[in-house]
Amino acid sequence: MEQFDLIVIGAGPGGYTGAIRAAQLGLKVAVVEKDKTLGGTCLNVGCIPSKALLQSSEYYYEAKNDFDKHGIMISDIKLNLEAMMGRKTKIVSDLTGGIEFLFKKNKITWLKGYGKILTPFTVEVTSADGSKSVVETKNITIATGSVPVELPFLKFDEKKILSSTGALALDYVPKEFIVVGGGVIGLEMGSIWARLGSKVTVIEYSDAICSMMDQDCIAVLTRSMRKIGVNFMTSQKVTNSRSIGGRVELDYESVTDGKKATIQGDVVLVSTGRKSFTENLGLENVGIVKDDRGRVITNSHLQTNVPNIFAVGDAVVGLMLAHKSEEEGVAVAEFVATGHSHVNYNTVPSVIYTHPEVASVGLTEAECKAKNIEINVGKFPFSANARAKAKGSTEGFVKIIADRTTDKILGAHIVSSNASELLGELIVAMEFGGSSEDIARSFHSHPTMSEAIREAALAVDKRQRQG
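Residue -8 is where the sequence shown starts when you use our numbering, and the numbers rise one by one after that.
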């Protein structure tokens, strides 16, 4: 029986990055993955294909609505959805193939099949043809990710009732597209189909979309999405559904006064959250402890209550984000190889890849208030930034939150056409315990949108020079 130093169950971001790092550190590594391609949800049916369609749909929308402002006159613009989907598929194929290449380069064994833990040192792999094999290992990482949450009355068929997977694979533009759940996934999917011509309605239970993010940013995003035709219905609870003449009808009611109503659409995307995929993995065979939401409980080194078994990513407590999973996968590899590891959860960024994008790291003003932390806040609008004006991307702002006593940056929030890229500077500053003064005294090329970050840092001390 072949023995490994580390077996990783799951080849998503947490699994494959952890496996590669472990191999780089000299460990003999195998990854168990049942899907035909590596990369997990993120690469195959999540982060990457959604970003491909977001980019394509943005180009289509700009060509129809904005090119004339630049003196580019185009008539009879047509959508080729098949070609757009083909581009998405090619991107995914290239990247999944890239991971397979890295596995070969780092001598990582891909055990194709479904992994189940038998003992702390053995894993059973069931292949697609039903054949079983058992492999030995010194350590195990559970990196099995998460799956979309279904509602009892909205079961996924991926034709009319969609998860995010189905929403990324439609072969037509629905006339009316309903989104149940105003979180990140719902907003991104809604943006894609609104730009391509669907009438999109987002139904959200809370009184605001993405209620955990900076609400000044969300206010800008909400206005922008309304401009492309997205309708928001907040404080509404969907209670039932039915099929009527090939369409879907939803019953919903107000959370505040109980008023009931119905709405119909061609398709319904259910984006009410995701749940950890931790069932049927054999965790009960070794007594691994989970919480009431099915998430594996770990310590600061991602160890479970079984010392040589670890868990990362969506399978554990915390934000369900690919980059968080990656850091945890690497941390496990380094702990197994060296006995040391660290993940700084205070600097995990969150991004909504709409247009404009919303990107955040650290604390919001509301969270600082709840923690009784005295702060100074610097804010600078892109409407006063020269490069933003030249690009025609003046929506949004940069906000920096700093401790009033130490000036240490506690949080940063950006809404902008390229917020996800701009945020990196502030993440690094926070990782090194930087202050707003550190940013304010650093060169920023002119003219660039990154100058707005420096101006926001100057505004913390009320000395911005522009705007």
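By construction, these hints were calculated from the structure, which means they are not laboratory data. Be a bit skeptical, because a hint or two may be false.
Said to hold, decoys possible - The list that follows gives simulated cross-link-like pairs (lysine to aspartate or glutamate, EDC-like), each with its CA atoms no further than 16 Å apart:
id	residue 1	residue 2
1	K107	D26
2	K453	D394
3	K281	E240
4	K19	D59
5	K79	D162
6	K382	D59
7	K107	E91
8	K96	E115
9	K103	D26
10	K251	E240
11	K19	E325
12	K27	E91
13	K151	E244
Claimed, not checked - Across the chosen pairs, the derived CB separations fall in these ranges:
id	residue 1	residue 2	range
14	E149	E53	27 to 35 Å
15	K95	R217	30 to 38 Å
16	V246	K453	24 to 32 Å
17	E53	H437	23 to 31 Å
18	K95	I63	41 to 49 Å
19	N290	K95	19 to 27 Å
Since we're looking at a predicted model, the values are computed, not measured. Note that CB positions come from ideal geometry on N, CA and C, so glycine has one too.
For each hint, the structure was consulted:
1. K107 <-> D26: Cα-Cα ~15 Å, so holds.
2. K453 <-> D394: Cα-Cα ~14 Å, so holds.
3. K281 <-> E240: Outside the cut-off at roughly 37 Å; violated.
4. K19 <-> D59: Not OK: K19 and D59 at ~58 Å, beyond 16 Å, violated.
5. K79 <-> D162: Roughly 13 Å between the alpha carbons, so the hint for K79 and D162 holds.
6. K382 <-> D59: Within the cut-off at roughly 14 Å; holds.
7. K107 <-> E91: violated (22 Å)
8. K96 <-> E115: At roughly 25 Å apart (the allowed maximum being 16 Å), E115 and K96 break the hint.
9. K103 <-> D26: This hinted pair holds, its Cα atoms lying about 8 Å apart.
10. K251 <-> E240: holds (13 Å)
11. K19 <-> E325: Status holds; Cα separation ~13 Å.
12. K27 <-> E91: At roughly 11 Å apart (the allowed maximum being 16 Å), E91 and K27 satisfy the hint.
13. K151 <-> E244: Outside the cut-off at roughly 22 Å; violated.
14. E149 <-> E53: 27 to 35 Å: holds (30 Å)
15. K95 <-> R217: 30 to 38 Å: violated (49 Å)
16. V246 <-> K453: 24 to 32 Å: Given about 40 Å between the Cβ atoms, the range is violated.
17. E53 <-> H437: 23 to 31 Å: holds (26 Å)
18. K95 <-> I63: 41 to 49 Å: holds (45 Å)
19. N290 <-> K95: 19 to 27 Å: At roughly 33 Å between Cβ atoms, K95 and N290 fall outside 19 to 27 Å, so the hint is violated.
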